[in-house]
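Enquirer: Spelled out from the first residue to the last, the chains are:
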Amino acid sequence: MQTGYVLLATIAIPALTALALVLVPSRYPNVVRGLSLASGFALFGLSLYAFFAYQLADGDQFQFQLRWDWVENVGMLGEDGITLHLGIDGIGATMVLLNGVVTFAGTIISCKIEHRNKDFFVLFMLLVAGVFGVFVSLDLFFWFFFYELAVLPMYLLIGVWGASSVFPTFVRTKEYGAMKLTLYLVGASALIFVGIFAVFVEADLGTFDLPTLWAHAEAGGFDPNFQKIVFPLFLIGCGVLAGLWPFHTWSPDGHVAAPTAVSMLHAGVLMKLGAFGIIRLGMQLLPEGAEFWMPMLITLGTINVIYGAISAMAQSDFKYMVGYSSVSHMGYVLMGLATLDPVGVDGAVLQMFSHGVMTALMFAMVGALYDQAHVREMSIFGGLSQRMPRWAAFFAIAGLTSIGLPGLSGFVAEFNVFLGVFRTYPALGALGVLGAAITAVYILRMLAVAFFGPQNDRWADLKEMTRLEMAAGALLIAFIVFLGVFPSPFVDRISDSVLLIPGVQ
Amino acid sequence: MPADLSLDYSLLTPEFCLAGLAAIIVALDLFVPDFRKEWLAYVTAAGLLGVLGLSFGWLDVDKDFAGLLFIDKYTLFFRVFFVATAAAVVLMSAQFVQERLRHPGEYYGLIVLSTIGAIYMAASRELLSAYISLELLSFSLYVLVSYAKLDARSNEGGMKYMLLGAFSSALFLYGLSLIYGSAGSTFYDDIAASYANGTESFDLGLLMGLVLVLAGLGFKVAAVPFHMWTPDAYEGAPLPITAYLSATSKAAGFALLLRLFSGAFMPVLDDWQWMLAALAAITMVLGNLVALQQHNIKRLLAYSSIGQVGYMLMALAALSSTTASALLFHMSGYVITNLAAFACIIAWYNLTGKEEIAGFRGMAERAPLLAASLTAALFSLSGMPLFAGFFTKFILFQAVASEGFLWLAVIAVVMSFVSLYYYLIVIKELYISEPEEPGRLAVPSLVSALTVVLVAAVFWVGIYPRHLYEAAEEATRLLFA
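Chains as they are written, first to last, in our numbering: chain U, 1 to 505; chain D, 506 to 986.
Possibly wrong hints are sitting among the right ones.
Unchecked claim - Distance condition first, Cα-Cα at most 20 Å in a straight line; then the derived DMTMM-like pairs of lysine to aspartate or glutamate: (1) D/K859 / D/D656; (2) U/K112 / U/E464; (3) D/K933 / U/E175; (4) U/K180 / D/E934; (5) D/K654 / D/E860; (6) D/K859 / D/E604.
Since the hints were made in silico from the structure, they are not lab data.
If you're wondering where the values come from, they're calculated on a predicted model, not measured in any experiment.
Required output: the full structure, derived from the provided sequences and hints.
Expert: Next comes the structure, spelled out in structure tokens:
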């Protein structure tokens, strides 16, 4: 059997589920749930398989390859043209696993959606298909196809199932959040679009096949000046989705307005598409451009860390705090990538995984509270750990992960990032550590204000989170602990592939 | 002049059949009082589908009729394209015409006749034949736009369209006469040959002729600054005719432009390339920016179609065999998408009588199939993946960039991003706003079926368009021979 079908299945299963759901009459919400859960579980299983079946010993950088001709020998397309070319390296394998885990958890959480649940799952599955597609595609056309596909359903997912935020002096409506997020991301992808045109014309190979283009780049096929001009297109285009400062403002607004599962998937996985794009299109395709621009990226990444953390500290709303903490933590990813140091880039990819499961857990827990209380103001809660002890424990684990407590995933990831940054830009490394300290401030303050302290009788009838939420949370925690105590399966896969990225040494 | 005048009438059989069909439809309406009028649409559609099948009888032919009309792959492509479009529009019209218009016979007859004009615009390789075909299409459309006799907007739109159309025809004709004066022939091949051998460095007649031809045809395809009639004609015309305008009339204009510029004017590329590039740039920018302001769906789609014209003009500016095939590819995807959008809009109008964007509130609750299909069509127009628009725009923009017009492609990408905003505003009404009245609406099954077919085609072009793109490539291969 050709193993590439595993990767094809990760795209085909959600896409076919979406199609099947369209045909299910909307008066059977439980059929919709069952089908989605089955598909979420299958995706989880497939992603586990892809991750563990990835052969460390194989010299081949990309495994599970599958290649189908799509359109060739027409117009400007040459012999290879556009191909459906799939394959993963260690970085891709880690990301596929992340998406499998978060998707399954998100599907479980979404079972509580009652309003037009069929439409929700159709769009949700399209989103999932797009994300898997980006992680496994080795063709520039399809890479971008799936990248846009992952943005496509967001407007409706937020606009229909989201929630507006009411502040004392103003209201951030869900329509606002949805529109802002969509326009930012599509606007940024316009830059990627232009970058792709430029690369295709410059390479003049008549193909969008990424390995071919990478080989062309390694053979010095792209002029250094060309690389310096085009690299920022990819850096900013993908960077916006990764929450790059100063283009990060869509992220808190969008993620707060989104329904729980969508926030989980979007902050947990979609933001990683941006960082993944910087690796695939930026560093691998235009290595000299990357070298030239990386000092700027590490500066912006450091601002991300500090600015995001300070903003998170200023929030009184649970979900906005989590939203800004995502911006801050994505800063570590950007810093790690910008070091071009093997340890730093390893750390960035580990942080992509770690932040993905951690932030998904946080959003799941915020959602569990909000669905009961319908407010998210931290200061009006108190003593939640007595009302909802398990919920509080889960949330606290997520919080401690984001601080970087040893034994949890955040420690492994941030440690590697800091090591890489100290080896290359020691001063910025110190600032990065400062960001981690600020994280501790806002997380511990949240624990003190809302979780412990005197109970507020207004919340006497809050119940423990549901079984479904507990299942989803436990799944995510399992992976937080897995990476925290036994990181070697991840590190082995990632570090071999990172060393093959040109310019990383 | 071609050496031998071959008058092989059999080459024109499909068009004779179309003319016959038009006559039968009109006669049925006039002389057979017992005939049920609501069947006229289906008879027309069946006839058109018959001709569609017949067209494939000239699959591998490459012959000409007296050097005027060429029946080759290019013509075949547009024969199929226009006849299929007409069939779709006729089916969309059925309920609308029955409920709101009088004299259905002439209505369907004129659609069929205009199709002949459109096909010959693609087939002509001689200036006057091209002009006459253009007028056959235009005259049918003038009548059709003002077909809602008792509606002041329809009369106004029709009047504007006719006056400006006549004016633009005059410009076009004057331009043709100047080119004839400069090149000494009306046959495309002879014109090209005369310029290829010419040594003159500056030819004022040619330059003026090109300007006038572009202005005249610019009116027909609604390029800025010749687009003023478009929003009014689109708004005033009966809804199915708006769909027809946005599909056939535009595509036929481009069919003519492509044949003319690739066939006759390639040797003087430098004289007109900058004009088309400038037209393309302002058309894209203005069409998309003005669309942001619209409240009526017909006007919105009018301006969005102007934006689309800009993308297509871009391909003409960067004219080569690469962009020509990309142009046909994109145009097919655009027309299919637009027909899908209009099928939904017409069905909604039949059910509720609303054509303001605000009147689409809560369509997702009341008519989920229409809302989903319209959303798919709008996402496709804005160039989102899974749908036709992404693939065709990707290919078109890449082709233009590959021909050295990266700056035009950049404008196109940015404007394509702008367009997403106004499509999202419509989608917001469909899905997020609450409906004005509760309750499902019953969409006729034929309409549902047509919508599903069109949306399926949108997905097909958006996911696996190899065959369409190859057909476009084959159609344009010989244009540059």
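Enquirer: Does each hint fit the structure? Answer for all of them.
Expert: Structure-based check of each hint:
Simply put, D/K859 and D/D656 have alpha-carbon atoms about 15 Å apart, close enough for the 20 Å limit, and the pair holds. With a C-alpha separation of about 15 Å, the suggested pair U/K112 and U/E464 falls inside the 20 Å cut-off, and the hint holds. Restraint check: the Cα-Cα separation between D/K933 and U/E175 comes to about 8 Å, which is no more than 20 Å; the hinted pair holds. Proposed proximity of U/K180 and D/E934 is supported: the alpha carbons are some 17 Å apart, at most 20 Å.
A distance of roughly 19 Å separates the Cα atoms of D/K654 and D/E860; the hinted pair therefore holds under the 20 Å criterion. With a C-alpha separation of about 15 Å, the suggested pairing of D/K859 with D/E604 holds against the 20 Å cut-off.
The earlier numbered hints are all upheld by this structure, with none contradicted.
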